[in-house]
Amino acid sequence: MAISSATKAATDALAVNRAPVSVGAQEVHRWLQSFTWDFEKNRTKYSTKYKMANDTKEQFKLIAKEYARMESVKDERQFGSLQDVLTRVDAGNRVHPKWNESMKVISNFLEVGEYNAIAATGMLWDSATAPEQKNGYLGQVLDEIRHTNQCGYVNYYFTKHGQDAAGHNDARRTRAIGPLWKGMKRVFSDGFISGDAVECSINLQLVGEACFTNPLIVAVTEWASANGDEMTPTVFLSIETDELRHMANGYQTIVSIANDEAASKYLNTDLNNAFWTQQKYFTPVLGMMFEYGSHFKVEPWVKTWNRWVYEDWGGIWIGRLGKYGVESPASLRDAKKDAYWAHHDLFMIAYALWPTGFFRLTLPTAEEAEWYEANYPGWYEMYGKVYEEWRARGCEDPNSGFLPLQWFAENNHPIYIDRVSQVPFCPSYCKGASTLRVLEFNGKKHSFSDQWGERMWLSEPERYECQNIFEQYEGRELSEVIAEGHGVRSDGFTLIAQPHTSKDGKLWTLDDLKKIGCVFADPLKSL
Amino acid sequence: MAKIHDNPNRDEWVKKIAGLTTLAAGVALLTDFRVKHLSPFKTDFSLELDGQWIECKIEEKVALLKHQEFNDKQFLNNCTCGTEAQKIADKVVAEMDACTDQYVAEKIHVNFRLANKPPIMPVNIFLDTDRLLGNKLMELRNTDYYALPLEELRKVRGVKVITLQ
Chain A
802 MAISSATKAA TDALAVNRAP VSVGAQEVHR WLQSFTWDFE KNRTKYSTKY KMANDTKEQF
862 KLIAKEYARM ESVKDERQFG SLQDVLTRVD AGNRVHPKWN ESMKVISNFL EVGEYNAIAA
922 TGMLWDSATA PEQKNGYLGQ VLDEIRHTNQ CGYVNYYFTK HGQDAAGHND ARRTRAIGPL
982 WKGMKRVFSD GFISGDAVEC SINLQLVGEA CFTNPLIVAV TEWASANGDE MTPTVFLSIE
1042 TDELRHMANG YQTIVSIAND EAASKYLNTD LNNAFWTQQK YFTPVLGMMF EYGSHFKVEP
1102 WVKTWNRWVY EDWGGIWIGR LGKYGVESPA SLRDAKKDAY WAHHDLFMIA YALWPTGFFR
1162 LTLPTAEEAE WYEANYPGWY EMYGKVYEEW RARGCEDPNS GFLPLQWFAE NNHPIYIDRV
1222 SQVPFCPSYC KGASTLRVLE FNGKKHSFSD QWGERMWLSE PERYECQNIF EQYEGRELSE
1282 VIAEGHGVRS DGFTLIAQPH TSKDGKLWTL DDLKKIGCVF ADPLKSL
Chain B
62 MAKIHDNPNR DEWVKKIAGL TTLAAGVALL TDFRVKHLSP FKTDFSLELD GQWIECKIEE
122 KVALLKHQEF NDKQFLNNCT CGTEAQKIAD KVVAEMDACT DQYVAEKIHV NFRLANKPPI
182 MPVNIFLDTD RLLGNKLMEL RNTDYYALPL EELRKVRGVK VITLQ
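So the sequences go chain by chain: A and B.
First residue of the first sequence? That's 802 in the numbering used here, and the numbers climb one at a time after it.
First residue of the second sequence? That's 62 in the numbering used here, and the numbers climb one at a time after it.
Be aware that one or more of the hints could be misleading.
Said to hold, decoys possible - Using C-beta positions, here's what the derived DEER-type ranges look like: (1) Ile804/A with Asn132/B: 31 to 37 Å; (2) Gln1268/A with Thr224/B: 18 to 24 Å; (3) Ile1117/A with Val96/B: 48 to 54 Å; (4) Lys858/A with Asn132/B: 45 to 51 Å; (5) Val222/B with Ser1201/A: 39 to 45 Å; (6) Val217/B with Phe1321/A: 33 to 39 Å; (7) Thr224/B with Ala1193/A: 32 to 38 Å; (8) Gly143/B with Glu1275/A: 40 to 46 Å; (9) Pro210/B with Gly1306/A: 51 to 57 Å.
Don't read these hints as lab results, they were simulated from the structure.
For every residue, glycine included, the Cβ atom is placed at its ideal position computed from N, Cα and C.
Just chain A, with the same shape it has in the complex (with noise of 0.2 Å):
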């Protein structure tokens, strides 16, 4: 009986390439390399403006069984721990409330990063041609995959052992409402997994990973401990684990394109435009959720930022590939203008627009205003007398009639949405760098914050369209879009944001929004 041709290939390699005779695993790596294909006629599946290289390595050297082995203990430690000890010692009921709400935020929309990279790695293992870089992504691709069922599972756990689980379970239903969404899939979406390959292993690897997960999943693990949480840094810590080796394949795209001509054409372009649509997100959003979603503080989100961001990565990390080429990003220094008060101008828009949101939000008590105003000089002025007077029109109260939303109307401070970040902004009451920049094109009118974002849809403006809540829902009355928008709890008419996290605090419903008669608008309409 004839032998297919795909048996007889693999006898006449076997033939040439003799199994090894151990086990050790570097060696079976070795064996398992030279059974490469021919890369003649390959090509990426992908767009790319660059040209991987066929003779690139990788660092781990991992082959898919022991990688399994070495994943299955560290699972075994995470889920025993969560499952076992954690439980018995009522884990979830000892965290502070405030980071309760937070870790709803946190390990969702980390949930969806990790789901967009599960493919963003498949799409580089389409593109790459060397054997043994497609083996690191390989290992990442099934990384991605734990690290999903991880945040899910994060949010379960808390749903089910923890404290006022809504928004732990289906946080996603309230994606069409909540405009931290959007800015979200942004980072985590659109730039791990659309435009050229190389640049998303940029976004993905070289910034995502290698820059914001040192602040993201390390730093989030100490402001948990901090705030009686011992599940995330249980499972948070065990992703990190995985991490170097995504680090480690971001360094090797580098090589990979190196002595590609086009890496120093576009190198550089691609590295800033990374920097800047990763930064712009993370930057206000992770400082607001460290400081503002926590209760006892660990330290000011500027230090954090930048020993991180600035200095491990912005000067060793980029420093280490400086021979390749890559320079620190020229949005640097904005970013790190940003890293000061933008966490700080951003919980204020959230806070007044806390109904659309899937968490609960709380003002900083007095204890805190003082850490604020010690740590970031010029805060109280800014931020803290605003606060004290929505507290005093009982913006907590459901009976009050007032949301803080109401305050930035009354003062003539329009909230506008960059259109290439889709992060909120007030260009009138910030103490950021936010800038105000309109432009009208075939038309319609687009918002932009910052220099970097209005040249990125200048120069790709079909890359950014997305529309913002006040252009979806403009006319619309605000509780009748959270109702259709799924923002209630299982009994129909309870929000399931809320402006505290009092126990005792009345809880709002979908009529004592419908009272103050908030109606959507959009705000350049008036420009």
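On the provided structure of chain A, position chain B as indicated by the hints.
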């Protein structure tokens, strides 16, 4: 008030789409709809909120009509107009290869998508062509990316400045 996702705009188009009985009519409606309502260079924003949903429903109907009218060979090789898809693809790739202006290149790419996005062109040919066009467009766009100051770039793009603070 009409609901966000269940509104008279969509109802009207669902009825229109149900009335399509031939592939030619479906394709004409789809291409016209894409140019008017989904092009990045459109000037009609009346279906901004529902356009993509409506496009999806027209595509579903065109795919069914194509399934009825095409045999297997045509299904893999021909555009809905009957032309050999690879010929259309080769022509547009040659046009892009010869192009050296990023703004002309983006029009080539955008127009290719508007005219050929599946189910009009078989997906196996469309995606590879789209990749080749995308490679070239990105090369042109990213060369000397910072050469023009923003003021100049706004003029080249043809935008009107409403406010700069």
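How the hints compare with the structure:
no. : hint                                : result
1   : Ile804/A with Asn132/B: 31 to 37 Å  : holds (35 Å)
2   : Gln1268/A with Thr224/B: 18 to 24 Å : holds (20 Å)
3   : Ile1117/A with Val96/B: 48 to 54 Å  : holds (51 Å)
4   : Lys858/A with Asn132/B: 45 to 51 Å  : holds (49 Å)
5   : Val222/B with Ser1201/A: 39 to 45 Å : holds (41 Å)
6   : Val217/B with Phe1321/A: 33 to 39 Å : holds (34 Å)
7   : Thr224/B with Ala1193/A: 32 to 38 Å : holds (34 Å)
8   : Gly143/B with Glu1275/A: 40 to 46 Å : holds (44 Å)
9   : Pro210/B with Gly1306/A: 51 to 57 Å : holds (53 Å)
Of the numbered hints given earlier, the model fails none.
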